[in-house]
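For reference, the chains in residue letters:
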Amino acid sequence: MSIGHTLLGLLESGPRHGYDLKRAFDEKFGHDRPLHYGQVYSTMSRLLKNGLVEVGGVEAGGGPERKRYAITDAGITDVQRWLETPQKPGEYLQSPLYTKVVLALLTRRDAAKILDVQRSEQLRGMRTLTDRKSKGDWADQLICDHALSHLAADLRWLEPTAARLDKLRKAVTR
Amino acid sequence: MTTSPTGSLLAAHDLRKAYGPTRALDGAEFSVHPGEVVAIMGPSGSGKSTLLHCLAGIVPPDSGSITYNGRELTAMSDAQRSALRRSEFGFVFQFGQLVPELTCVENVALPLRLNGSSRKDAERTARGWMARLEVDDLTAKRPGEVSGGQGQRVAVARALVTGPRLLFADEPTGALDSSNGERVMELLTEAARSTNAAVVLVTHETRVAAYSDREVVVRDGRSRDMERAV
Amino acid sequence: MGARFALTGGREGWVRMTLTAVGVGLGVALLLLCTALPNVFAARGKVEDARFDNTFTYSQKAPPKADNTFLIVDTDTTWHDDDVRGRLLEPEGKRAPLPPGVDSFPGEGEMVVSPALKDLLASDDAKLLRERLPYKITGTIGESGLIGSHELAYYAGASGLKLTEFSPVHRLTEYGKPDAKAEKTDPVLLLMILVVFLVLLTPVAVFIAAAVRFGGERRDRRLAALRLVGADRHMTRRIAAGEALAGALLGLVVGTGFFLLGRRTLGSTEVLGVSVWPSYLDPSPLLAALVAVAVPVAAVLVTLLAMRGVVVEPLGVVRAATQHRRRLWWRLLLPLAGLAMLYPMIGKGHRNGEFNQYLVIGGVLLLLIGVTALLPWAVEAVVVRLGKGALSWQLAVRRLQLSSGTAARMVNGIAVAVAGAIALQMLFAGTQSQYVKATGQDPGRVQMQVEFSDRKPLSGVEREFTGTKGVRTAVALAISQYGDTRRDPENSNGLTVGTCTALRELAALPSCKDGDVFVTRTRSGYEDPSNAAEIAVVKPGRQLYIDPSYGDAGERGIEAPWTVPANTRVVDARKDALVESNSVLVTPAALPAEAAPALASDGVYLRIDPSVPEAREYARNVAARIDPLAHTYSWSATQEDEKYASIRTGLFVGSAFVLALIGASLLVSQLEQLRERRKLLSVLIAFGTRRRTLSLSVLWQTALPVGLGLVLATTVGVTLGSVLLKMTRTPVAMDWASVLTMTGVGAAVVGVVTLLSLPPLLRMMRPEGLRTE
Chain F
1 MSIGHTLLGL
11 LESGPRHGYD
21 LKRAFDEKFG
31 HDRPLHYGQV
41 YSTMSRLLKN
51 GLVEVGGVEA
61 GGGPERKRYA
71 ITDAGITDVQ
81 RWLETPQKPG
91 EYLQSPLYTK
101 VVLALLTRRD
111 AAKILDVQRS
121 EQLRGMRTLT
131 DRKSKGDWAD
141 QLICDHALSH
151 LAADLRWLEP
161 TAARLDKLRK
171 AVTR
Chain R
175 MTTSPTGSLL
185 AAHDLRKAYG
195 PTRALDGAEF
205 SVHPGEVVAI
215 MGPSGSGKST
225 LLHCLAGIVP
235 PDSGSITYNG
245 RELTAMSDAQ
255 RSALRRSEFG
265 FVFQFGQLVP
275 ELTCVENVAL
285 PLRLNGSSRK
295 DAERTARGWM
305 ARLEVDDLTA
315 KRPGEVSGGQ
325 GQRVAVARAL
335 VTGPRLLFAD
345 EPTGALDSSN
355 GERVMELLTE
365 AARSTNAAVV
375 LVTHETRVAA
385 YSDREVVVRD
395 GRSRDMERAV
Chain E
405 MGARFALTGG
415 REGWVRMTLT
425 AVGVGLGVAL
435 LLLCTALPNV
445 FAARGKVEDA
455 RFDNTFTYSQ
465 KAPPKADNTF
475 LIVDTDTTWH
485 DDDVRGRLLE
495 PEGKRAPLPP
505 GVDSFPGEGE
515 MVVSPALKDL
525 LASDDAKLLR
535 ERLPYKITGT
545 IGESGLIGSH
555 ELAYYAGASG
565 LKLTEFSPVH
575 RLTEYGKPDA
585 KAEKTDPVLL
595 LMILVVFLVL
605 LTPVAVFIAA
615 AVRFGGERRD
625 RRLAALRLVG
635 ADRHMTRRIA
645 AGEALAGALL
655 GLVVGTGFFL
665 LGRRTLGSTE
675 VLGVSVWPSY
685 LDPSPLLAAL
695 VAVAVPVAAV
705 LVTLLAMRGV
715 VVEPLGVVRA
725 ATQHRRRLWW
735 RLLLPLAGLA
745 MLYPMIGKGH
755 RNGEFNQYLV
765 IGGVLLLLIG
775 VTALLPWAVE
785 AVVVRLGKGA
795 LSWQLAVRRL
805 QLSSGTAARM
815 VNGIAVAVAG
825 AIALQMLFAG
835 TQSQYVKATG
845 QDPGRVQMQV
855 EFSDRKPLSG
865 VEREFTGTKG
875 VRTAVALAIS
885 QYGDTRRDPE
895 NSNGLTVGTC
905 TALRELAALP
915 SCKDGDVFVT
925 RTRSGYEDPS
935 NAAEIAVVKP
945 GRQLYIDPSY
955 GDAGERGIEA
965 PWTVPANTRV
975 VDARKDALVE
985 SNSVLVTPAA
995 LPAEAAPALA
1005 SDGVYLRIDP
1015 SVPEAREYAR
1025 NVAARIDPLA
1035 HTYSWSATQE
1045 DEKYASIRTG
1055 LFVGSAFVLA
1065 LIGASLLVSQ
1075 LEQLRERRKL
1085 LSVLIAFGTR
1095 RRTLSLSVLW
1105 QTALPVGLGL
1115 VLATTVGVTL
1125 GSVLLKMTRT
1135 PVAMDWASVL
1145 TMTGVGAAVV
1155 GVVTLLSLPP
1165 LLRMMRPEGL
1175 RTE
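Chains as they are written, first to last, in the working numbering: chain F, 1 to 174; chain R, 175 to 404; chain E, 405 to 1177.
Hints listed in this document are in silico derivations from the structure and should not be mistaken for laboratory results. Incorrect hints may appear among the rest.
Derived PhoX-like pairs: lysine-lysine, alpha-carbon spacing no greater than 25 Å straight-line [what the hints assert, rightly or not]:
| hint | chain 1 | residue 1 | chain 2 | residue 2 |
| --- | --- | --- | --- | --- |
| 1 | R | Lys294 | E | Lys792 |
| 2 | E | Lys566 | R | Lys315 |
| 3 | E | Lys469 | E | Lys531 |
| 4 | E | Lys540 | R | Lys315 |
| 5 | F | Lys133 | F | Lys28 |
| 6 | E | Lys450 | E | Lys469 |
| 7 | F | Lys170 | F | Lys113 |
| 8 | E | Lys873 | E | Lys917 |
| 9 | E | Lys531 | E | Lys498 |
This one's a predicted model, so the numbers in the text were calculated from it and none came from an experiment.
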């Protein structure tokens, strides 16, 4: 995930200072990992340097002085470009599970057991996500769904593989 | 695994069942604890549904034992098993389970009426369950007039209306799209948990199986309880 | 295109096709049979006319003996309950004609027999009949001489038959009615025949209409699949029509097969005492052609009509018919129009001329069709108001509410058949008195009478019977006439002559010796029950004449003078007198010797011991031994007009066929419905539903519409019956027994069907139905 683009996007709805940016990010995208303050300020100074944001004024509040950041036109264009660029689909050609199964087959270990354990593990993960999804808000639901889909996709590979392990063993060990 | 796990509500040991030359079950094991949701998974044709039918006392196995609450199911007469299904079990199937000529509320009230409740009482309780499953606006509709998801919710309400200790669900979301299916699963598990009913869930969909506490995989008529297999 | 679909629709298509074809086939076979019925009557009549030999009703004078004459005498007898037609034949010349169906005259002591009689005589239990017909079988009678394959008949050769004045022997030159002219049919009988046909055929038509719709719901689903791949509404309609047409055409073929089979079977069996030859069952070509055209056309029309209420969409079938309530007015219009058509003919009856056949057909048809139109409405109207009750009841009622039309269609046939049958039963019961004649015989008094061919009394003939097995009492009587003058007497009456033993069977005699005369005080059924006038005539000492003469040119009687003896007594007739035609009872010695030729034998009256099984056969054999030409009569209380009896028989035979047919169709559609619900039944069983609950709900589901159907059928039937009775000017009387019988029979058919559908239902309720993978 590009933190820079995310923070830029948050600024599009209006200028904010760093603390607010962190809060907004955590609320919507943070999920498990809150954003570090240092990360916010280092990112913002990079964006300033690139002319994607500008400092819209300094608030003299109760505490230390706070900069308000606002997005520039170049920043808006940059967000637009980022959103329009498709994510590169994950390449799973070097999946460790694949490696494990082939190795088990080659060494005549119980590949079915590996798959069963993996399924169990995947399901355990899916159960947690499902539980969180049904208790959480819309954001939780969206992200959990995404994760669930990935886990389910692995299982969709796992089931037919398990069903033809015998054939696979013959092919691999030939 | 020769004895049924202690504390289990329903336990089956070494179940065998053949339909003609086809061996649907070939030494299957199973157990479910009170309040537990267990998913039965496996490729199609692996004997999932047959296992469910045997566990529910619908089809007697050729051999093996099934213990429900300390009682041996295979030793019961057909009438006794029917009475057990009426009073202790609930059922949800994939489709074609609602009586088309009865209204939705009458369908939900059906198991209560089978147990001898008066029509009025049965339909009042039925309405309550329909509200819990968010289909209380369908009471006067016939099954032909409601959507697939709504129909399944009505079916879930019907399965839970008697307060069963064990709910059997055979591909309950099989005919639904994923969002409708998940909503039905959510409502089903929620309702089952609130009444501490155990659920035996047959499904081939992992997203649906994820609503379970534990899964049992059936392959070639043999089951593998993953909790203890690990 | 539809036909191709029907034929290539896979296993399901074939099953549906077979059901329809068999259903339509049964209906067609029955229709063809009905079109052949007129032929049956005509053919039987033709044979009866051709072999007719009872000429004394036509010409008084026998032709003189010649080269081409023959003598014939009627020796009909009865074997158990079957009539045996018997003739003794004696050709008097070389050119004497042979009876129809006979190749050569049987010689003396020989006979030619019908195949059925040959079989009967060859069987073990016909020993007594073999004794009665002691002739050698030399040939068989052909089809042209018999009215049915099961007719019992023989021609025996004889010699020395005498053609005397009172002998039953006739001399003939040919067979056949000299002027065989169609009898003018009694209008009431014609009305009955018409109504019988309509009553039998309407349910058949209803049945065919139902058969065409066998498996209709599945077909609609298949059509929906065709819509999905691009067929438009017109095309689905064409396809459905094509399927119906194919089914109907196949049905015609199957029906013809059934008919040919049935024809052979009917030709070799006997139904209620009536047997026919297969060739009699040739349908009249015009009517057969009508059937061949009407059935397919009707099939297509019914299908299109049924599809009007159904919208076949690509993704399923929408039943438009369930949306709006059925309307009453046009349904009521049908029976009302029927009544209106019958109304102008009220009171025509026997006296006021003929009925308009078209109006009768139209009226009766509309009334009966009205039942099929009213029934769906009635079922719907009633079922909507039901609901409370046990679960099985609720399931049944709800099901009926959802598809009351299907339910009504199922019982339509039964309702129409029952309505028609009730109307006919009323018509029959009402007009019975006109066609069933009281014979004046009382089987309580006497069970058999033997009449000899010779009028001369055979003295002591009763003794031949008294030793016979199963005969309790045998009484021989002679009769004559007396008058108070020699010629044209003012007072004249009959007298009965018998021994004291014989007369004691007629009246309560205080004492009796030969030479006594008695006059009975009562003559039941006569205008003067105290019989005062006759007692006044037969006064002791009065001069009377036995066998007086009448008219001028008439043959002279014996005119034997008779003085009424002094010891003539007035007595009471026995209530159970063997015969009570005469009040003057005379012992033989009381008459002068010259009166003897005036006495005519009245035969022998027999009381039979009912506990002896073959008593009547023994008595008949004795009579045949004494006089081969003797006739024996078994007495019965009433005698039906023969034609009337055959119409009634026809109705019973037809009703039996039709109800069996409808029962079969009920069963088929019942099973089809159950099959469609197999999955649901399994689910309900999984729930723990008791099998009893489901079976009961199936029973209610049939019983409800059937009950309504029978109520409606009774109403319409009674109405039609009353109108028909009014038309024949017969007082309207309710024949509740027959109403109950007919509704009972209708209900029984449904009961049997439900019973037969229970085993498949129980089989379907097994949980295996849950397996869908």
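Outcome of the hint check:
1. R/Lys294 - E/Lys792: 10 Å, holds
2. E/Lys566 - R/Lys315: 94 Å, violated
3. E/Lys469 - E/Lys531: 38 Å, violated
4. E/Lys540 - R/Lys315: Violated. E/Lys540 to R/Lys315 sits at ~85 Å, over the 25 Å cutoff.
5. F/Lys133 - F/Lys28: Between F/Lys133 and F/Lys28 the Cα gap is close to 15 Å, so the pair holds against 25 Å.
6. E/Lys450 - E/Lys469: Status violated; Cα separation ~28 Å.
7. F/Lys170 - F/Lys113: The hint holds at about 18 Å.
8. E/Lys873 - E/Lys917: It is violated: about 29 Å lies between the C-alpha atoms, which goes past 25 Å.
9. E/Lys531 - E/Lys498: 36 Å, violated
The earlier numbered hints that this structure contradicts are 2, 3, 4, 6, 8 and 9.
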